[in-house]
Amino acid sequence: MINRRLLALMLRPLLQDRRRLVLALILLLTATAMDVLGPWLTKHYIDSYLVPRDLRPEPLIILLMLYVGSQGLAALGRYLQTLYFARIALDAVHALRRRVFRHVMHLPQHVHDATPTGEMVARVTNDTDDLRELYVEFLATVLQNLMLLIGILVAMALMDLKLMLIAATLIPVAAVVIWAYQRASGPAAMEVRRLRAGQNARINEAIGGMSVLQAFNQTERFRTRYHDLNVAQYHARLHTIRISALLLRSALDLVGVIILAALLIGYGADSLAGGAEIGVLYAFVTWLGRVSEPLIEITQRFNIFQQAGVAGTRLLSLLDRPQAAAGDDTRAIRSADYRLEALTFRHHGAEANTLDDVTLEIPEGRFIGLVGHTGSGKSTLLDLLGGLQPVTIGYLLLDGRRIDTLAPSVINTVMASVPQEPFIRSTTLRDNLLMGIEADDAAIARAIDEAQLRELIDRLPDGLETPLGERGLTLSTGERQLLALARALLRQPRILLLDEATASVDSLTESRLNRALAALKGRVTMVVVAHRLSTIAEADEVVVMQAGRVIERGAPDRLLDNSDGAYYRLWHQPGPLHD
Amino acid sequence: MALRRLLLDFLATHRRAYLLAIMALLAVGLLNMALPWWAGRIIDALNEGRIDMSGLWRSAAVLVAVALAMYGLRYLWRILLFGASYQLGVALRDRFYEKLTRLDPGFFQQRRSGDLLARSTQDIDAVEVAAGEGVLSSVDGALTLLLVLAMMIIVIDAPLALIALIPFPFMAWGFYRVASRVQGYFGQSLARFSDLNDRTQEAIAGLRLLRQHSLIEAEIADFDRRAEAHARANYQVQRMEARYDPVVFLALGSATLATIAAGSWRYLSGAITLGELTSFTLYLVQLIWPMFALGWCLNILQRGEAAARRLTEFFHERETIDDAGERSKVPSPALHIAIDAFTYPLATTPALTDLQLEIKPGQTVGIVGATGSGKSTLIRLLLRQYPLTHGTLILGDHPLGDYQLGTLRSMYAYVPQDPYLFAATLGENVALGVPDASDSEIRAALEAAAFGPDLARLPDGLDTRIGERGVTLSGGQRQRVALARALLSPAPILLLDDTLSAVDQTTEQQLLTTLEAERERTCLIVSHRLSAVRHADQIVVLDQGRAVEQGRHDTLLTRNGHYARLWQEQQIRIAETPS
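If you read the protein sequences in the order shown, they are chains A and B.
Quick note, the first sequence lines up with residues 1 to 579 if you use the numbering used here.
Quick note, the second sequence lines up with residues 580 to 1158 if you use the numbering used here.
Hints were generated in silico from the structure; no laboratory data involved.
Any given hint could be a false lead.
To be verified - Reference excerpt, derived from the structure (chain B facing chain A, CB under 8 Å, subset only):
1. Ile658
2. Ile783
3. Gly785
4. Gln935
5. Glu937
Keep in mind it's a predicted model, so treat the numbers as computed, not measured.
The beta-carbon is built from N, C-alpha and C at its ideal position, and this holds for glycine as well.
Working from the sequences, and respecting the hints, build out all of it.
Structure representation (structure tokens):
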């Protein structure tokens, strides 16, 4: 699972500022040395002064000052190195997060269309947060404790090699315990997290869909289902408790006592043979008391390694995806006309073409109505015209230039589009209209009137300043469509792309909107996908699509006269409406 | 107070588990005291030459035996204590869900879903922690403190203990200070993280919009700022947490110094042995836990109290719809509607006034009117989502309130305006009201709801996962799935709330044919398109909450009133089709 690329991804951000890293390591080494010195001094005091009852003040005062100084320095050093490492870790994760987010924002549209939003968000925030935990915990806890462990062992070895070897058996034993805990707790913890996510999803749907559950009399069934999930999670958590109770603190404490017993025997053997110093035992006992805590800390952090490994692998595969290509032709658009030549488009990974051999010319100022059954390729064509998807075969020229060579900003200044389900940002209504451009109040008022949004705004207590979205006002689909239309009109575009943009608007408003759009005729190139005849009654030309091909074109009136034509059939199906 | 009320009942029912856990804790504490004491005795015996090698082995074996007993007891109390507290979690989660099932749409509209979700997770967790870790830290902390003090003062040496203990109150105070500030910063860091998460979610969901408005770089810069804020908040947490270390370190260091100084004096005056001094040092380390537990416990209880208050408030949320009816049989699905006035809670003007309507079993009734005219309100009242204060609603000779809620709800198959789909497979979503429906029945319902062609395009057919983390359906598709859900249900009354608004003309006709075939069911169709209700047995025209006209299509047309005008308006668009 851990390979070189993964290591590089995780380590490189840490190595950005080497000087700071080296400084932090020096601090860590110094603090550990000072820390370990404490029991050493005590041992020296007991064996050289206390037991022989040598109580001259000068050496004792020096000893005292050394003790106070070393311990004070150790405390300060430990604190400072933690801060240093925390800073390094957080800067590293910040850098990584920026990189991932930038990459995600520049991924091709088809990647986003095929990936649920929640999953993509999880990559940017949760996965990088897993790495943050790794950095913080690893640098702050694991490194520090590992160093302490080594320091203690070195000090022990210097003092008494035989006793140190006894104490050092703690390491392999602890390694086995850690390994066993690791093996058992990883899957168990994963199961708990999985069930927890399930619980959250159930609560979420209960909050969102309770009225449906009530109306369909399903509250009892869903309640039981939630209860079963709770019980399953209870058992899973109890399992993790069992594992940690068997293998974590209790086990390491047990091992600690066994080693204490071994030390006593080892010391006793020396002492019975004569020549052992009691101070040595005192120092060892003190050190031993501090060894099990680092081991426990390290053991508990192992899950984080695992999690971060998984998160890092996911991030790698995300970063491996190529970004969308963007054109760099920044010359402004002179004429807002399109030419499509034998245009073919196939969705990424699809087996069939969505658009097949489409040839079409759209002069500036032309109003084109695009009709056809669901799945005939209307919306896809609109995406291509908007430059959101790349052409597979053939040409799509805007202003005589291939659209993929144009810089996005060039396209965006002349074009506005309104999708069927417009996106509303959680900011004020005004910001939602402006979307980064500047406009005076008169222009805003005009766009609002044209898009029939006035009535809604007058109803709102704070008017244009009303916050929208998750934490603000929720708009109905129809209101969202009007807002998106106003947003598009405000930009005074030369190209306007509408995708069933008024489908959820009531009929009176819709007919007013159609009049507003008809007024743009001749000035603005318009491509309008519609499923209601009235929307495109004023179009210069109607294009009928079927299975990705253009099967009929012409002025709407002429097409309606042709009772053999596809357009005619589209509106004259038998049904209660026309009986 | 709230926490105590929530916990007391629970503690009483799980008295046995708690008592056993506390006894195990006590036993562990006692054994834990015996360990250093025994180790000290061995050292003294060695120093005084009172013990030989085999005696040493025996003494060490006792040490190990005690450690093994502790291992078993530690396992026991963990399972007992945490097992019990996790059961509290299960009980509270069940209760939470049950409460949700009894609340009305008005409640859900006023609450942010994130807030409710947080209560079901974080708040229940906090209470659970109070019942587990809270009990542990308070009981075990106090127990350990008392035992260690007893050993130090009574068994070893009172003057030594009194001097060595001076730093410990400072340690406890330091812990508490650090813990409460960590808590504060931790909350801030969580808030920053959720901020970052929300914004990322919005950026990715609205990526098309951002691309089309050249806002990608601005969004990346904004992300940067938020990521930076999160990193800063996180650094504060790390900085605060890092302070634990010097607190322990300095307090323990000074206590050790005091122990050695006072211990030297007591040793030289013959009050204690060197073995006892070593034991004393071991006890000293054990005092860290009670000091930490004190601060920890206060924190846990504070958080638990706040969480319990919020939970209690939620559990006592007013239920506007009481399930007090007793009837479990509906004699006939005839509806008699006599509404004098209905005003939504918190609203000032009534949504419906003076509506009289008689619906015979099997009749189709159309409710038409502009947005905001009160069409959906009628359906909500029939479902008893809101209580009707002025007027009567009679179903089969009895007021709605006389029936058990379950009985009443089993009468309706309801398609809401903005249909909610659960994060499950398509098949499960359709079979919501009839969980044991066969695949062919589900298919038939989808077919009737004009979802057949869409179904053919879904990757896994009925098993396709929809909703969050699955395939995203368009507004029109969602409505048709919801319609299939209602068609599959055997309930005698169909309630359609503007179900045909987001479908195209062809599909609308298909659906009307389907409804035509549902002749034996009573059908209430709310619509803003008149074509959807043209063939209804009765049509009610609502304008600002009043029924301005009522009758059949033909009669209403001849009356030349509101309906005729609306019809004219919508006909223009159809008349443009010279058929």
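For each hint, the structure was consulted:
{"no.": "1", "hint": "Ile658", "in the structure": "holds (6 Å)"}
{"no.": "2", "hint": "Ile783", "in the structure": "holds (5 Å)"}
{"no.": "3", "hint": "Gly785", "in the structure": "holds (4 Å)"}
{"no.": "4", "hint": "Gln935", "in the structure": "violated (25 Å)"}
{"no.": "5", "hint": "Glu937", "in the structure": "violated (23 Å)"}
Consistency note: the structure conflicts with the earlier hints numbered 4 and 5.
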